[in-house]
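All chains should be modelled from the sequences, with the hints used to inform the complete structure.
Take the sequence shown: its position 59, counted from the start at 1, is 59 in this note's numbering, and no numbers get skipped.
These aren't lab readings, by the way, just hints derived from the structure by calculation.
The reader is advised that the hints may include incorrect statements.
[Claimed, not checked] Ranges of calculated distance between the beta carbons of each label pair, as one might list FRET restraints:
#1 Leu191 / Val17: 41 to 51 Å
#2 Gln186 / Ala28: 49 to 59 Å
#3 Glu190 / Asp279: 24 to 34 Å
Note that the structure is predicted; figures quoted are calculated from it, not measured.
Here a beta-carbon is modelled for each residue, glycine too, at the ideal position from N, C-alpha and C.
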Amino acid sequence: MAMTRDRRVPQPWVWVVVAVTAVVPVYAVLVPLQALVYGTSLPVAFLLGAGLCAAVPLAIRYPRASTALFGVSALALPLVVTPTGADAGPWPWSVSAIIAFALFMLAITSAHGWRVGLIAWVVGAAGPLVAPIVRPDAAATGAVIADLIVATSVAAAAGVVGALVAARIRVGEELAQSRELTAVEQSRRELVEERARIARELHDVVAHSMSVIQVQASTARYRLYDVADDAAAEFDGIAALARQSLTEMRRLLGVLRTDDDAPPLAPRQGIADIAELVDATRRAGVAVELSVTGESADPPPSVQLTAYRIVQEALSNAVRHAPGADIDVIVAVRAAQVEVRVHNGQATDAAPPTLGSGHGLRGMRERVALVAGSLTAEAGPDGGWTVTAVLPLAVGAEERG
Numbered sequence: 001m002a003m004t005r006d007r008r009v010p011q012p013w014v015w016v017v018v019a020v021t022a023v024v025p026v027y028a029v030l031v032p033l034q035a036l037v038y039g040t041s042l043p044v045a046f047l048l049g050a051g052l053c054a055a056v057p058l059a060i061r062y063p064r065a066s067t068a069l070f071g072v073s074a075l076a077l078p079l080v081v082t083p084t085g086a087d088a089g090p091w092p093w094s095v096s097a098i099i100a101f102a103l104f105m106l107a108i109t110s111a112h113g114w115r116v117g118l119i120a121w122v123v124g125a126a127g128p129l130v131a132p133i134v135r136p137d138a139a140a141t142g143a144v145i146a147d148l149i150v151a152t153s154v155a156a157a158a159g160v161v162g163a164l165v166a167a168r169i170r171v172g173e174e175l176a177q178s179r180e181l182t183a184v185e186q187s188r189r190e191l192v193e194e195r196a197r198i199a200r201e202l203h204d205v206v207a208h209s210m211s212v213i214q215v216q217a218s219t220a221r222y223r224l225y226d227v228a229d230d231a232a233a234e235f236d237g238i239a240a241l242a243r244q245s246l247t248e249m250r251r252l253l254g255v256l257r258t259d260d261d262a263p264p265l266a267p268r269q270g271i272a273d274i275a276e277l278v279d280a281t282r283r284a285g286v287a288v289e290l291s292v293t294g295e296s297a298d299p300p301p302s303v304q305l306t307a308y309r310i311v312q313e314a315l316s317n318a319v320r321h322a323p324g325a326d327i328d329v330i331v332a333v334r335a336a337q338v339e340v341r342v343h344n345g346q347a348t349d350a351a352p353p354t355l356g357s358g359h360g361l362r363g364m365r366e367r368v369a370l371v372a373g374s375l376t377a378e379a380g381p382d383g384g385w386t387v388t389a390v391l392p393l394a395v396g397a398e399e400r401g
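What follows is the structure, given as structure tokens:
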């Protein structure tokens with residue numbers, strides 16, 4: 001889907017304030033100059049000067065209305081001077097009016113691009129071009145031509161600068177959108193990769209259980225005495241179904257794995273491997289306390305793998321985000337669930353904590369959800385961080401067959 005580009009500058013109210021700030025001094029000079037030097041009555045000078053200067057901030061949001069207002073004011077202002085006043089200063093553009101014209105062009109092209117600015121330049125310059133025809137007695141022809149050339153040239157130069165500013169703003173917006181889209185795509189890719197890795201690990205866990213079922217069913221007639229023929233046939237059917245399931249799972253695993261993703265040769269980690277994980281963290285100079293208690297001697301493999309990964313990711317996050325903090329790891333294996341709690345204190349090292357992308361926590365939630373568990377990650381009153389996962393054993397009990 002194509003994205004439409006908004007030609008208005010970001011945060012228009014900021015630019016309106018800037019425009020008002022720039023044009024107020026011009027208005028303060030234009031009105032008395034018009035009244036004293038050019039002989040315009042003070043109320044008319046106030047009114048036309050206000051129209052000329054008010055068009056500058058209005059151009060940020062209302063290009064058509066501001067162009068019309070500026071064009072009418074620029075046409076009327078040189079017509080209300082006296083003949084002696086026109087000879088006393090530049091005419092049909094006074095110096096303050098030229099500055100207002102330049103500010104108007106800068107504002108409208110910066111906010112809306114060069115095409116809108118070109119129309120505004122033509123409209124703004126057209127009125128004073130008519131003034132010498134209506135008032136041929138106002139000033140000498142040479143002075144009028146020189147004044148018109150100076151005014152239109154200065155305004156055109158301001159319009160070019162405004163167009164460059166508008167182009168720079170559009171480029172900045174497009175770069176910001178590109179960075180945002182890149183970040184979103186990277187986040188999605190990392191999430192997909194993490195889910196695929198979780199699926200591969202769970203596949204290996206289930207494949208192990210299915211292999212045990214297949215072996216047990218295939219050897220049942222040889223290990224058990226007095227197995228009836230119909231029971232033996234039933235065991236053969238179970239073994240055949242297990243082999244078929246394993247074949248389908250291996251085919252799925254081939255889809256999930258990438259070209260450089262070799263299957264692991266070591267067994268999947270479990271709760272018993274958490275101690276080795278903690279020891280590796282200690283060797284890196286981190287103070288880690290581990291407590292493992294249990295009532296169930298054999299939690300399901302998927303639950304054990306999830307518990308191991310939770311501790312692994314929580315330790316990694318604690319080391320990155322809270323350097324120098326003490327870490328407590330508690331794994332409690334109960335009759336109905338496994339509870340994992342990893343708490344780290346506040347960072348104590350001088351090195352600032354590193355910032356993460358949040359994908360580690362998202363991956364932990366994905367893993368816990370696959371075993372119907374719950375996970376909380378929250379800051380503690382001591383300034384530290386605590387990750388708590390509750391993994392039910394009932395969901396994974398079917399894996400043991």
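Do the hints match the structure? See the list:
Evaluation of the 41 to 51 Å hint for leucine 191 and valine 17 yields a pass: the beta carbon distance comes to about 42 Å. The beta-carbon spacing between glutamine 186 and alanine 28, approximately 53 Å, falls within the hinted interval of 49 to 59 Å. Take glutamate 190 and aspartate 279: their Cβ atoms lie about 29 Å apart, and the range 24 to 34 Å holds.
The structure is consistent with each of the numbered hints, conforming to all of them.
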